[in-house]
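A.B. asks: Each chain, letter by letter, is given below.
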Amino acid sequence: NAGVTQTPKFQVLKTGQSMTLQCAQDMNHNSMYWYRQDPGMGLRLIYYSASEGTTDKGEVPNGYNVSRLNKREFSLRLESAAPSQTSVYFCASSTRQGAEAFFGQGTRLTVV
Amino acid sequence: SQKIEQNSEALNIQEGKTATLTCNYTNYSPAYLQWYRQDPGRGPVFLLLIRENEKEKRKERLKVTFDTTLKQSLFHITASQPADSATYLCALVVYSNASKIIFGSGTRLSIQP
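Heads up: the sequence lines are chains P and U, in that order.
Residue numbers for the first sequence follow my numbering, so the first one is 1 and each next one is one higher.
Residue numbers for the second sequence follow my numbering, so the first one is 1001 and each next one is one higher.
Since the hints were derived computationally from the structure, they do not count as laboratory data.
Worth double-checking, as some hints may not be accurate.
[Said to hold, decoys possible] Pairwise CB distance ranges, derived in the manner of DEER restraints:
no.: 1; chain 1: U; residue 1: Thr1020; chain 2: P; residue 2: Glu79; range: 42 to 50 Å
no.: 2; chain 1: U; residue 1: Thr1020; chain 2: P; residue 2: Leu69; range: 27 to 35 Å
no.: 3; chain 1: U; residue 1: Asn1097; chain 2: P; residue 2: Asn28; range: 17 to 25 Å
no.: 4; chain 1: P; residue 1: Ala82; chain 2: U; residue 2: Val1045; range: 27 to 35 Å
no.: 5; chain 1: U; residue 1: Ala1083; chain 2: P; residue 2: Val112; range: 14 to 22 Å
no.: 6; chain 1: U; residue 1: Asn1053; chain 2: P; residue 2: Val112; range: 45 to 53 Å
[Claimed, not checked] Under the rule of at most 27 Å between Cα atoms (straight-line distance), these lysine-lysine pairs were calculated in the BS3-like manner:
no.: 7; chain 1: U; residue 1: Lys1071; chain 2: U; residue 2: Lys1057
no.: 8; chain 1: U; residue 1: Lys1057; chain 2: P; residue 2: Lys57
no.: 9; chain 1: P; residue 1: Lys14; chain 2: P; residue 2: Lys71
no.: 10; chain 1: P; residue 1: Lys57; chain 2: U; residue 2: Lys1003
no.: 11; chain 1: U; residue 1: Lys1017; chain 2: U; residue 2: Lys1063
no.: 12; chain 1: U; residue 1: Lys1017; chain 2: U; residue 2: Lys1057
[What the hints assert, rightly or not] Which stretches of chain U does chain P cover? Using the computed rule of at least three CB atoms under 8 Å from a CB of chain P, they are:
no.: 13; region: 1052-1063
no.: 14; region: 1067-1078
no.: 15; region: 1100-1113
Here a beta-carbon is modelled for each residue, glycine too, at the ideal position from N, C-alpha and C.
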């Protein structure tokens, strides 16, 4: 049972390049989340999805887009990467409202 | 503005003592409050959840209290061990269009032998 799987684990981008971070969960969870974590700032919510086909903005959505094409997968896209988007990105899922979130291992992204 | 504050960035405790971490929030009305543990280079791992109508929850050496009047949660680790050293995050489950989980900045706990 893999849980929440994120790809890639590491990525270096040049300013202005685009990329998609992939996230998949095999726990049949309804809710999925994308967070970024910067030193001293905890986890900040970028986007979340309560169910397949729905997405909502979190605390820091600017510069990002998301897609929830099916129940398993929730992707995060950076259309034009900026150095301020250098961070560790975590995907998470939970089975129902209020339930605990299960996290992936994170993607360490550096934008130069 | 909405804020979640954890009392200190770092806390050093002697082994065997009780570690107490604080989480305060403003301008949120959470239905649940959760605590997570995060080790370096890893994703957070869920520890405990407490509902808005509960005052206290226990799990082994862990205890969480939740005071919705004070807008505060306390997280206690009794008989602390060096293996408890990690960053601890509190999180609020709040509802707008759907439920979302909002995290505090965390407290880095170090247990000294």
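A.B. asks: Would you mind marking each hint as holding or not holding in the structure?
C.D. replies: The hints, checked one at a time:
1. U:Thr1020 x P:Glu79: 42 to 50 Å: With a Cβ separation near 44 Å, threonine 1020 (chain U) and glutamate 79 (chain P) satisfy 42 to 50 Å, so the hint holds.
2. U:Thr1020 x P:Leu69: 27 to 35 Å: violated, 44 Å
3. U:Asn1097 x P:Asn28: 17 to 25 Å: Since the Cβ atoms of asparagine 1097 (chain U) and asparagine 28 (chain P) sit about 22 Å apart, the hinted range of 17 to 25 Å holds.
4. P:Ala82 x U:Val1045: 27 to 35 Å: holds, 31 Å
5. U:Ala1083 x P:Val112: 14 to 22 Å: violated, 37 Å
6. U:Asn1053 x P:Val112: 45 to 53 Å: holds, 50 Å
7. U:Lys1071 x U:Lys1057: holds, 16 Å
8. U:Lys1057 x P:Lys57: Between lysine 1057 (chain U) and lysine 57 (chain P) the Cα gap is close to 31 Å, so the pair fails against 27 Å, i.e. violated.
9. P:Lys14 x P:Lys71: Since the Cα atoms of lysine 14 (chain P) and lysine 71 (chain P) sit roughly 32 Å apart, the hinted pair is violated (cutoff 27 Å).
10. P:Lys57 x U:Lys1003: Holds - the C-alpha atoms of lysine 1003 (chain U) and lysine 57 (chain P) are around 17 Å apart, at most 27 Å.
11. U:Lys1017 x U:Lys1063: holds, 14 Å
12. U:Lys1017 x U:Lys1057: holds, 20 Å
13. 1052-1063: violated (count 0)
14. 1067-1078: violated (count 0)
15. 1100-1113: holds (count 7)
Violation of the numbered hints given earlier is confined to hints 2, 5, 8, 9, 13, 14; the remaining hints are satisfied by the structure.
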